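What follows is each chain in one-letter form.
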Amino acid sequence: MVEAVNMIDSRVAREQNGKAQLAPVIDVRDVTKIYKMGDIEVHALRGVSLTIYPGELVAIMGPSGSGKSTLMNILGCLDQPTSGTYLLDGLDVSKLNDSKLAEIRNRKIGFVFQSFNLLRRTSAIENVEQPLIYANVKAKERRARARAALEAVGLGNRLDHHPSELSGGQQQRVAIARALVNNPAIILADEPTGNLDSKSGAEIMCIFQRLNMERGDTVIFVTHDPRIAAHTRRIIRIADGLIVGDEPVTDPIMACPDQPLPDFKR
Amino acid sequence: MAMNIGIAEAVGLALRAIGANRLRAFLTLIGISIGISAVIALLAIGTGVQDYINGQFASAGTNLLGIVPGRIQRGPGGGPGSFGSSAFLTLGDYRAVAANVPNIEAHAADFTSVGNFAYESRTSQVQVSGVTPSFSRVRNWRPSLGRFIEESDNASRSRVVVLGQTVLKDLFPDEDPIGKQVKINGLPFRVIGAMEAKGASFLGDQDAIAFIPLSTAQERLFPQVAQAQTGDRIVSTIYLQMTSSSVRPQVEAAAREILRERHRLAPDDEDDFSIISQTELLETFGAVTSVLTLFLGAIAAISLLVGGIGIMNIMLVSVTERTREIGLRKAIGATPAAIQGQFLIEAITLSIIGGLLGILLGIGLALGVTRFVDFNAIIQPQAIVLAVGFSAAVGLFFGLYPARRASKLNPIEALRFE
Chain Y
288 MVEAVNMIDS RVAREQNGKA QLAPVIDVRD VTKIYKMGDI EVHALRGVSL
338 TIYPGELVAI MGPSGSGKST LMNILGCLDQ PTSGTYLLDG LDVSKLNDSK
388 LAEIRNRKIG FVFQSFNLLR RTSAIENVEQ PLIYANVKAK ERRARARAAL
438 EAVGLGNRLD HHPSELSGGQ QQRVAIARAL VNNPAIILAD EPTGNLDSKS
488 GAEIMCIFQR LNMERGDTVI FVTHDPRIAA HTRRIIRIAD GLIVGDEPVT
538 DPIMACPDQP LPDFKR
Chain F
387 MAMNIGIAEA VGLALRAIGA NRLRAFLTLI GISIGISAVI ALLAIGTGVQ
437 DYINGQFASA GTNLLGIVPG RIQRGPGGGP GSFGSSAFLT LGDYRAVAAN
487 VPNIEAHAAD FTSVGNFAYE SRTSQVQVSG VTPSFSRVRN WRPSLGRFIE
537 ESDNASRSRV VVLGQTVLKD LFPDEDPIGK QVKINGLPFR VIGAMEAKGA
587 SFLGDQDAIA FIPLSTAQER LFPQVAQAQT GDRIVSTIYL QMTSSSVRPQ
637 VEAAAREILR ERHRLAPDDE DDFSIISQTE LLETFGAVTS VLTLFLGAIA
687 AISLLVGGIG IMNIMLVSVT ERTREIGLRK AIGATPAAIQ GQFLIEAITL
737 SIIGGLLGIL LGIGLALGVT RFVDFNAIIQ PQAIVLAVGF SAAVGLFFGL
787 YPARRASKLN PIEALRFE
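Here the protein sequences line up with chains Y and F, keeping their order.
Taking my numbering, the leading residue of the first sequence gets 288, the next gets one more, and so forth.
Taking my numbering, the leading residue of the second sequence gets 387, the next gets one more, and so forth.
Quick caveat, the hints were computed from the structure, so don't treat them as lab data.
Please note that the accuracy of each hint is not assured.
As the list claims (entries may be wrong) - With a cut-off of at most 25 Å between alpha-carbon atoms, the simulated SDA-like pairs for lysine to any residue come out as follows: (1) K395/Y <-> G392/F; (2) K382/Y <-> D366/Y; (3) K427/Y <-> A492/F; (4) K425/Y <-> P722/F; (5) K427/Y <-> L401/F; (6) K382/Y <-> E799/F; (7) K486/Y <-> D538/Y; (8) K584/F <-> A492/F; (9) K794/F <-> G377/Y; (10) K323/Y <-> T709/F; (11) K427/Y <-> A800/F; (12) K387/Y <-> K566/F; (13) K794/F <-> M324/Y; (14) K387/Y <-> G371/Y; (15) K387/Y <-> L337/Y; (16) K395/Y <-> G377/Y; (17) K382/Y <-> Y322/Y; (18) K584/F <-> R508/F; (19) K323/Y <-> G342/Y; (20) K387/Y <-> T709/F; (21) K794/F <-> I321/Y; (22) K427/Y <-> I393/F; (23) K387/Y <-> A800/F; (24) K555/F <-> S544/F; (25) K566/F <-> R533/F; (26) K555/F <-> G585/F; (27) K566/F <-> S542/F; (28) K584/F <-> I662/F; (29) K584/F <-> Q613/F; (30) K555/F <-> S542/F; (31) K427/Y <-> A400/F; (32) K486/Y <-> R502/Y; (33) K387/Y <-> E799/F; (34) K395/Y <-> K794/F; (35) K794/F <-> D366/Y; (36) K794/F <-> V771/F.
What the hints assert, rightly or not - Restraint ranges, calculated between C-beta atoms of paired labels, are given here: (37) E328/Y <-> L413/F: 42 to 50 Å; (38) R408/Y <-> I688/F: 30 to 38 Å; (39) L786/F <-> E328/Y: 34 to 42 Å; (40) V771/F <-> S351/Y: 53 to 61 Å.
Nothing here was measured: the structure is a model prediction, and the numbers come from that model.
Glycine included, each C-beta is placed from N, C-alpha and C at the ideal position.
Bound conformation, chain Y alone:
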């Protein structure tokens, strides 16, 4: 445990040194989002600016109705801001059409949802292959990459199991494999442990932490759960459509047990 904490500390140190050279993976500038509900305008976001660098492990926190989900939808390219700009991996995505956005989601973003959203009657490996189908990856390479992704989340022995034959924690691990199979710039996790018991939840958080530490994956949690936030190294708080807090986590909780885990470097 002590060793692991040291690992994180050294990583943070490295990052702070390197920050000047690194381009941000997420650069949100003065973004607003206004919904029209009948005659009433709802200001979901009222000028949000936010920068996230590659390799960060971040939690975006806020109560329901704070604009947290709206921000996540915009960060995930599922929605577009009313005004302001959003640079994802250096590319302005705030004015792209639906097809372009789909392409960006396919290549730059890996989603993990609270309710897993796996395809029923479809094996684990085929679920993980789905993003690669839309990326026009050939069947053979697809299978190999999906297998590697499932092995990375410790499900190398469950490739042909269907979601109904897997536990909740295992299903969420399939979803994580699906999120990282196309090597996205960011992984967006929306309450990933919300449907899990605490033991499975800890396993999932361990996987995220290891992906972050060992592969340098950028992981952004959107949550209202302080326990999840305590596993990250930075907490961004949002309320009433504005960012009201942005501080580092000095002593993150380590979810992984002490024993060494199988190697799954990128």
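Here the structure of chain Y is known, so what remains is to put chain F in place on it, guided by the hints.
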């Protein structure tokens, strides 16, 4: 980079989705199957009927024109085949036409009435045709036994008869007829031959006939009915065999001119005879066939329409049921075009499966029907291609709206859909 998925992937996804709801898919595609089977059956039967009719006409002799007395009324006025009144054709007409019309390969004439046949205790009532010797050639109908009427029989008005198969079986069930004497309307005739079987057709039993020399019929067997007031002998039909079908207009015009002049018709009088060609008869039967085709086609169209609506309905249900799946697919990078393509291909796959089932059903139907009739169902490869194309088109047309609807779903709301 186009974010469209390959067609094989899409068909795979479609088959998986269809397989997930087999019973529902089957019930949906029954409509298409019925429509397609109707198309296949009607094409197979229609082609078979056409083939049969063509065969019948070919066996009646090729490039044949027939001239009959009176005017065959057409159109809404008189019913088809109702004849005009007192006109008739004479032997003189025949000789004039035969001598003067160009582009004729052969010609023949007959005088036909009904005769009562008797041999020992057996009797038979059939048509008796007095014919010229060339009749056999012109009608492409030869004796299978003995010989046909010859010129010398005609010249000497001999009482000789060539029997058709029906009257042959009636009178001589187990006896060699050649040289036997039969009585026609009480007059003795010597049997010199028997015609090969023509079989039954839509024209009736063609073998219920016997042939005697034309002169014998006109002057000895039917002297009263075969004589015009002028004293001239009457013929029932003049046959002209043309050198080719392309000379028909010239042949018809020449024959018409000669006959109008001989019948002393004024320029504004209508013809008192009719010239019938095989082509015309073929067209008449073609028209009957196409009415039938139209009728079966309408049934097919209606069931395809209903089947298509069924597909649209089931696809709309499917889009609603799979809203979350659509949301997820959009989140992981499916473009609107890819989603639309997926659902379109699913609809097309569904209706093509229905089409293939319909093809099997239609072939079975056509073969089943033709077991009970005289002609064969002919299943052409084009019909299969047409049927598959048709079912694909139905799937495409009725799948478009549900597929567009799926492609336009908002991924955020779709993911939240319960």
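Against the structure, the hints:
1. Straight-line distance between C-alpha atoms of K395/Y and G392/F comes to about 22 Å, which keeps the hinted pair within the 25 Å bound.
2. Distance restraint check for K382/Y and D366/Y: the Cα-Cα separation of roughly 10 Å lies within the 25 Å cut-off, and the hinted pair is therefore satisfied.
3. Proposed proximity of K427/Y and A492/F is contradicted: the alpha carbons are some 76 Å apart, above 25 Å.
4. For a cut-off of 25 Å, the pair hint linking K425/Y to P722/F stands: about 21 Å separates their Cα positions.
5. For a cut-off of 25 Å, the pair hint linking K427/Y to L401/F stands: about 20 Å separates their Cα positions.
6. A distance of roughly 20 Å separates the Cα atoms of K382/Y and E799/F; the hinted pair therefore holds under the 25 Å criterion.
7. Simply put, K486/Y and D538/Y have alpha-carbon atoms about 21 Å apart, close enough for the 25 Å limit, and the pair holds.
8. The suggested pairing of K584/F with A492/F holds, with an alpha-carbon distance near 21 Å, which does not exceed 25 Å.
9. For the given pair, K794/F sits about 28 Å from G377/Y by alpha-carbon distance, which is inconsistent with the 25 Å threshold.
10. Restraint check: the Cα-Cα separation between K323/Y and T709/F comes to about 23 Å, which is no more than 25 Å; the hinted pair holds.
11. The suggested pairing of K427/Y with A800/F is violated, with an alpha-carbon distance near 31 Å, which exceeds 25 Å.
12. For the hint linking K387/Y to K566/F, the alpha-carbon distance of about 98 Å lies beyond 25 Å, and the restraint is violated.
13. Between the alpha carbons of K794/F and M324/Y the distance comes to roughly 20 Å, so the proposed pair stays at or under 25 Å and holds.
14. Proximity of K387/Y to G371/Y is assessed by CA-CA distance (about 19 Å); at most 25 Å being required, the pair is judged to hold.
15. Among the hinted pairs, K387/Y with L337/Y is consistent with the structure: their alpha-carbon atoms are about 23 Å apart, no more than 25 Å.
16. Taken as a hint, the K395/Y and G377/Y pair is honoured in the structure, with Cα atoms around 11 Å apart against an allowance of 25 Å.
17. A hinted pair counts as satisfied when its Cα atoms are at most 25 Å apart, and K382/Y with Y322/Y qualifies at roughly 17 Å.
18. With a CA separation close to 23 Å, the supplied pair K584/F and R508/F stays within the 25 Å bound.
19. A C-alpha spacing of about 36 Å is found between K323/Y and G342/Y, which places the hinted pair above 25 Å, so the restraint is violated.
20. Distance restraint check for K387/Y and T709/F: the Cα-Cα separation of roughly 21 Å lies within the 25 Å cut-off, and the hinted pair is therefore satisfied.
21. Between K794/F and I321/Y the alpha-carbon distance is near 21 Å, which keeps this suggested pair within the 25 Å criterion.
22. Among the hinted pairs, K427/Y with I393/F is consistent with the structure: their alpha-carbon atoms are about 17 Å apart, no more than 25 Å.
23. Of the pairs offered as hints, the one joining K387/Y and A800/F holds, with about 19 Å between alpha carbons and a cut-off of 25 Å not exceeded.
24. For the given pair, K555/F sits about 24 Å from S544/F by alpha-carbon distance, which is consistent with the 25 Å threshold.
25. Taken as a hint, the K566/F and R533/F pair is honoured in the structure, with Cα atoms around 14 Å apart against an allowance of 25 Å.
26. A C-alpha spacing of about 13 Å is found between K555/F and G585/F, which places the hinted pair at or below 25 Å, so the restraint holds.
27. Taking the CA atoms of K566/F and S542/F, the gap is near 20 Å; set against the 25 Å cutoff, the hint holds.
28. For the given pair, K584/F sits about 21 Å from I662/F by alpha-carbon distance, which is consistent with the 25 Å threshold.
29. About 31 Å separates the Cα atoms of K584/F and Q613/F, which puts this hinted pair outside 25 Å; it is violated.
30. With a C-alpha separation of about 28 Å, the suggested pairing of K555/F with S542/F is violated against the 25 Å cut-off.
31. Our distance criterion of 25 Å between C-alpha atoms is met by K427/Y and A400/F, whose separation comes to about 20 Å.
32. A distance of roughly 24 Å separates the Cα atoms of K486/Y and R502/Y; the hinted pair therefore holds under the 25 Å criterion.
33. Restraint check for K387/Y and E799/F: the C-alpha separation of about 19 Å stays at or below 25 Å, so the hint holds.
34. In summary, the hint linking K395/Y to K794/F is supported, as the alpha carbons are separated by about 22 Å, within the 25 Å threshold.
35. The straight-line distance between the Cα atoms of K794/F and D366/Y is roughly 14 Å, inside the 25 Å bound, and the hint therefore holds.
36. Between K794/F and V771/F, the direct Cα distance comes to roughly 33 Å. Violation of the 25 Å bound is thereby established for this hinted pair.
37. Distance hint check for E328/Y and L413/F: the Cβ-Cβ separation is about 48 Å, which falls inside the suggested range of 42 to 50 Å.
38. Under the hint 30 to 38 Å, the C-beta atoms of R408/Y and I688/F, about 35 Å apart, fit the expected range.
39. Between L786/F and E328/Y the beta carbons are some 36 Å apart, a value that agrees with the proposed interval 34 to 42 Å.
40. Between V771/F and S351/Y the beta carbon distance is about 59 Å. The supplied range of 53 to 61 Å therefore holds.
In summary, the numbered hints that this structure violates are 3, 9, 11, 12, 19, 29, 30, 36.
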